[in-house]
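Each chain, letter by letter, is given below.
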Amino acid sequence: MSLESPRRGLTAVDLSLIASFAALIAALGLPGALTVGGTVPITLQTLGVMLAGSVLGWRRGMLAVITFLALVAVGLPLLAGGRGGIAVFVGPSAGYLIGWIIGAGVIGWIIERHRPPIPTWWFALANVTGGIAVIYAIGIPVQAFITQTSGVVATAVAAVVYLPGDAVKVVIASLVAAGVHRAYPQLLPGSGQPSRRAREQDG
Amino acid sequence: MIGIYYPGTSWLHRAPPGLKLVMLLLFTTTIVIFRSLPVLAGAALLIFIAYTLARIPMGLALTQLRPLRWIVLLLMAFQWWLLGWERAIEIVGTLVLAVAAAALITLTTTTTAMLATLERMLTPARFIGVDIEKVALVLTLTIRVVPVIADIVGSVRDARRARGLERNARAFVTPVVIRTVGYSHDLGDALIARGVGD
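One line per chain: the protein sequences are A and B, in this order.
Under my numbering, the first residue of the first sequence is numbered 1, with each subsequent residue one higher.
Under my numbering, the first residue of the second sequence is numbered 1001, with each subsequent residue one higher.
Isolated chain A (complex conformation) (with noise of 0.2 Å):
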């Protein structure tokens, strides 16, 4: 159990971490940032929105995305390709867009129902259902109404292009937050718990 109040403010680092997973989806977007199996260039943005919930945890992931996001909107062309602005968000990808912020929330929230050390299985579950299964459940939709297609359609659409895209990105998100959990074991909130008690008793 936490000793602290689950609604304590965030703390300088809190907000640094926040800013700088914001930064890292806008980074994974840009041109050349990484192509997979050599030639053909995939988006890495949704990467980034799966390893803010998976390393942040679900206030601090959703609200790096919800950074993200904000900027977008307020017109930084920090999208892949260089897209930005409020069109994005009238557009038929919107849905998606929100998407991200509640598939991290639910990616971070499962990820903080597991006692530390966390298994890789446990990530790939999170990010399989917070970062496909939330994302194209609020992408598909959204989708289907603005272009006034029958969901069965946006739905095949969607399944055939991202979703291949998407399981590998499950993938290193999993691989990749089990690491970086090893590297920085305090980074979910609780998980800080036992060793900032041990350091009380030590001195």
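For the record, the hints were derived by calculation from the structure and aren't laboratory data.
A portion of the hints provided could be inaccurate.
Beta-carbon label-pair distances, calculated as ranges [stated by the list, open to error]:
| hint | chain 1 | residue 1 | chain 2 | residue 2 | range |
| --- | --- | --- | --- | --- | --- |
| 1 | B | Ile1049 | A | Val168 | 45 to 53 Å |
| 2 | A | Val161 | B | Trp1011 | 49 to 57 Å |
| 3 | A | Arg182 | B | Asn1168 | 17 to 25 Å |
| 4 | A | Leu163 | B | Arg1167 | 20 to 28 Å |
| 5 | B | Met1076 | A | Ala156 | 17 to 25 Å |
| 6 | A | Pro117 | B | Ala1136 | 48 to 56 Å |
| 7 | A | Thr120 | B | Thr1110 | 23 to 31 Å |
| 8 | B | Arg1167 | A | Thr120 | 15 to 23 Å |
| 9 | B | Arg1035 | A | Gly81 | 49 to 57 Å |
| 10 | B | Pro1038 | A | Phe145 | 20 to 28 Å |
| 11 | A | Val160 | B | Leu1165 | 58 to 66 Å |
| 12 | A | Ala137 | B | Pro1057 | 37 to 45 Å |
For the chain B half of the interface with chain A, some residues (derived, Cβ under 7 Å), not all of them [to be verified]:
| hint | residue |
| --- | --- |
| 13 | Leu1040 |
| 14 | Gly1042 |
| 15 | Leu1046 |
| 16 | Val1072 |
| 17 | Val1156 |
Cβ coordinates follow ideal geometry from the N, Cα and C atoms, glycine included.
Guided by the hints, dock chain B onto chain A, whose structure is given.
For chain B alone, coordinates are given in the frame of chain A:
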């Protein structure tokens, strides 16, 4: 960082961002609710006049719609086949006009002015416990941090190439995220040293 803003002195450039956002909301709602050919023709004329008055070059205006080209083509063909050409034009037209109108707002408003408007719009959220100063800090911090993280991505990519690990995605992403977290801790310390945040 360079935004999508196109400098100018037109009425649209000078109008308060909040007013422009309200107009966009009204415009988009109207064309979605009254989705019909005459309404869309009027809306298209309105958008054309607005772009002309704002002195946005034709090429730049079309660039804003470029990301839509494939979905417009597919959607047009599909809905024409399914619902006939009139409905197809209504659906595609609504989408294109909404995006064109939104892009016009972004083209005629500086990022700084839009950011200030966003922060003002958030003021009522104070009452549900949102710390507006922290929101503003994180937003400006992120703009500063994007080049730093982009540098990390670049240097890790070069290192990976030097070791011949180009195809190993994990060997790329793990160091990027670890260095991002490390950088955040340094940045957090720097903020505390300046009495910000905590």
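**Q.** Hints violated by the structure (listed by number, smallest first)
**A.** Of the numbered hints given earlier, those the structure breaks are 2, 6, 7, 9, 11, 13, 14, 15, 16, 17, listed in rising order.
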